[in-house]
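Since the structure of chain L is provided, determine the placement of chains D and Z on it from the hints.
Protein chains in written order, with numbering that gives the first Met the number 0: chain L, 0 to 327; chain D, 0 to 707; chain Z, 0 to 109.
For the record, the hints were derived by calculation from the structure and aren't laboratory data. Computed from a predicted model, the values in this text were never measured in an experiment. Note that the Cβ used here is the ideal one computed from N, Cα and C, for glycine as well. Just so you know, not all the hints are guaranteed correct.
Unchecked claim - Quick look at which bits of chain Z chain L covers, simulated, 3 or more residues with Cβ under 8 Å:
hint: 1; stretch: 14-20
hint: 2; stretch: 35-44
hint: 3; stretch: 47-55
hint: 4; stretch: 59-67
hint: 5; stretch: 71-82
hint: 6; stretch: 96-102
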Amino acid sequence: MASSIFYLACVLGIATAALYLLVRPGARALKLGATVVGLGALGWLVQQFVGMLGGDDPSDRPGVIFFIFSLIAVASAVRMITHSRPIYSALYFVMVVLSSAGLFLLLEAEFMAFALIIVYAGAILITYLFVLMLAQQAPGEDGTVQSPEYDRIPREPAAGVAVGFVMLALLSEMIFSGVSTELTEPPVAAAEVAAWRELEQMPGQLRRELIRVDPDLEESFPADQTPAKFSRIDEQGGIFTVGPLGSSGQTYEVSLPHSAMPQNIQRVGWALVHQYPASLELAGVILLMAMFGAVVLAQRQIELSDDEKLEAARAHQSARDAANGGDA
Amino acid sequence: MLGSFAATILPIVVSSESAVVDVPVAQATDAFGWAALILWLPALSTVLCGLCAVMKVKSKLPGWITVGLLGTSFLLTLALFFSYEYENPVIIHALQWLNISWNGEGETVQFIANFALYVDSLTLLWMLFVTGLGTLIALYATEYMEVDVGKGYTRFFAGISVFLFAMSALVLGDNLVMLYLGWEGVGFASYWLIGYYYKKPSAVAAAKKAFIVNRIGDFGLALGIYFIWHNFGTVEYRVLFEALNAGGYSTETAGWSVRAIPYLLMLGAFGKSAQLPLYVWLPDAMEGPTPVSALIHAATMVTAGVYLIARMYPVMLLDEYALPIVAWIGGLTALLAATIGMAQYDIKRIFAYSTISQLGYMFLGLGVLTSFGAAYHVFTHAFFKAVLFLTAGAVMHGFAGQLDLRKVSGLRHMPGWRIVSWTMFYGCLCLAGFPLITNGFYSKDEIIAQAFITPGFGFVALGVIGLITALFTAYYAFRVWFRVCAGPVHFEPGDDHHNGEHGGGEFHPHAPRLVINLVLVVITIGAIASIFLGDWVLRGVGDSTAVYPSPHAEGDGFWANPHRWMPWVASAAGIGGILLAWYFHLANRSAAERMKNALLANGLTRWLPTAMENKWYVDELYHATVRAPLWILGHFLNLFDRYVVDMFLVDGIAKLPRALARTFQPLQNGILQSYAVSMAGGLALVAVLVVLMPQFVEWVRSVMGGAG
Amino acid sequence: MMLAAIENLGSITLSHYIFTSALLFVIGLIGFVTRRNMIVMFLCTELMFQGAAIAMIAFGRFHLNASGQVFVIFILTVAAAEAALALALVVLLYRRRETLSAEVWSELKE
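Okay, chain L solo, but in the shape it has when bound (with noise of 0.2 Å):
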């Protein structure tokens, strides 16, 4: 434990100094060289894990697709963090994005990971990028952008590093000091439970399954009937008794197969309305509030008195001075 403390620091130690040289302001080949050298610390760690995690069956190791996506992600976004030029930063994120809508996938999310890229990547980042347009400098004479001093130079990056460092040896320290974390892989006995417990709550799906199953059941089992009495008579696997249905008073005796279990965007679905019915609502008021709000901003009309004006130039100009002090 102590040790794995240790490494942990050390790497983390070499990754965060590799991150301050990119944060900083510097010469081209320091940062290369600490690119470099973050690499290697973040390949020396993938290793670690390799060697931690995996043992020696070559089938134990972890899967590469997980490395690949959490590289480009974390690689993504230290550029998007250092980068100078806020348009590729939004852009780095997009990245960031897609690679952790990949995770999603991994982790069996697809709605998620399609939503994500669709409101993350489609619609917030469109919006970042409308802004930054708006707020973009004029070309200097040259036809050439300059950044601005206070897109290039950052502003506590021992600190913010340092800080960054602890918590993250923190994070790393809780995560790897828990219990057992090992993902299961559906469908396992619990998972296929959770799932039959859902399909029993839904009742509509539940006919059109059995249905499928067994279509003589449709004539017996009108949906505009009163509700159909079913229930689940084994306590694993998916076989329902269905009835008594109709004037014979007969009970069926239908066994679902697994292609029967609710598919993830159901359940996704499912959970949002049955258990958290009043977020749901309070995130449409919180969404209809940013719109006004959006809207009531954007719409006003700024006044500058003349010490505003002045005070504006004086910012703007000392920026100016500072960012031709910076090339100089």
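Quick look at chains D and Z alone, frame taken from chain L:
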């Protein structure tokens, strides 16, 4: 012949030598319920005076209310006196006051102190002159205080009423808690009235001095009461004296907390009655209005100490050295105060020192086992000292505050001053102990003679001191009279005289009017009457808790029995003093100055007049030994407070956040990122603590365990 | 499902995902602290949201229920609302001072 006369009028108590005397103990009765009014009427008077103050009465109404109610109180006392049967003391229950019980160690402890009156002859003796003189002096004050009619007048009479209430509670109370209530009450009233002229710094200082010096004594009394309760389980006289009668306490077997009681009570008595070493407040108390001096600081309040010792006489016998110490303190105080009084020029101060001196006689009497002599002297002294003070007050009143005996002369030749002069003359005679026709002669002789009779502890020396003091007393008493009342007519107005007030800048003394003269005459008649009350006092004391058999003189010859030769010797001392005073202060006034100058010229004797005039430097001694260290301590504490508490603790703690703020002020730079990094850093710090603390604790424990 | 089938899930533990999410979160934090452009700072908060979202999904998968995904929906909601409001504010601020630097807005320190 003179001796036999004294012997017939003052029969000596003859009794066995047994040290244990059955003290007459009062029994509860329902009969005299109205007697509680003696206590309540002054209280009512206080309330009415308060009402007058609220309603801003601008007349003499408060004075007449006070006189009326106090007079009624006196009449009730008289009625009680006449309906009271000797040898049958009673307790009159007024109202239930304190009745507390709690679970002590295995038994229920009870603390009872009711508002009840303990009436025996000692109580009645005291109450008669307290209420009687109180009424008369209040009457006198209605005229004396007339320049202050309005707020001050009301305040004055409210104070007098409070005093009378407290004094009645002190004397009448059937338990020590009530006595203590009265004790503190009279102390408070005394403070109130000494500080009457509160715009005068010296009056304020005197009031504070009286209060603070009394506090030392009160501490002793409070502790004494506690020890009595601790050892006897009661503060009620009845139960206490029954317990003492039952025996079981002797000077051999008593524990220290029992033996300490007499000394603690003594401390209280010495404070209130202005004895060594706590007498210094009384001369300064003369800053109050003269009726106050007469009533509180001469006739009544200062005798509270004597009353306490007399009432607690059986308790005083719990330690065999207690009463001799009382005697010696009394004798020395008498002598010291008399020598100081001889060299003073302020009439009231002379009388104040004479009061201290006479109180010394009373304690001497108590100490040499003649409680009768002491009580009788209290009684006679109350009258003649009241007369003296009231005449001094009349002089002060008439001469715009003039009290220097060198600046007023020939009073008896002035129109309208005759009654003042001659009542003062009779008062001085009483103080000097002029034979046969004065009450002071009999009471003082009784005490001095008993000092020669009672064996042990140098009482004979005390008798000699008493005789010398008698000579001095006669000298300084008549020094005043010959200076002020006799001789050529001459006067200078005092400080209170302002040009224009009396018309045209020319000062005319205004002679006392009817009320003052009436009061003087009545009290003088009372003084004369008290000559014949010796028998009554003797019987009264014999029936009270102060009873104790005075040792009887052995032998039968003239010189063998001090009661036979004492009248002659004491008369000689008194008359000798008067003649001395006559020579130096009437016949040949310059002789006194010459003698003083001669003494001052001689280096060997210079100290004597200087020291006497400066009151033997006792105030200065106290200043150096008590006040100065306290002053230094006070200043040290002041500096401590200012620099350590205020500067270091208070301001320092206040500066700490400021310094902290200064340190962290740069963080407050208005830049968003700085705040963000501070927040994240704080979060990280807390997380470090939470995560690593258990491991750290474990590590420390293992290290400690390894070390242990 | 398809990707998950390719991937050998048995050896990738929850810790891997949480670690990734922690990395993203901390990088976002560092970015927030160090960058001075207001828009980039908001982008960094979005990055932190992203880290949180990965952790949510991973936990949801670990516990085999859909709550994690539901929470990510809410995160998306809040992020969208925040983006709308914050960007509107940024536009306002930019109009006042003609700069995106966060440091010109420090009057409240007094």
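Hints not upheld, ascending by number: none
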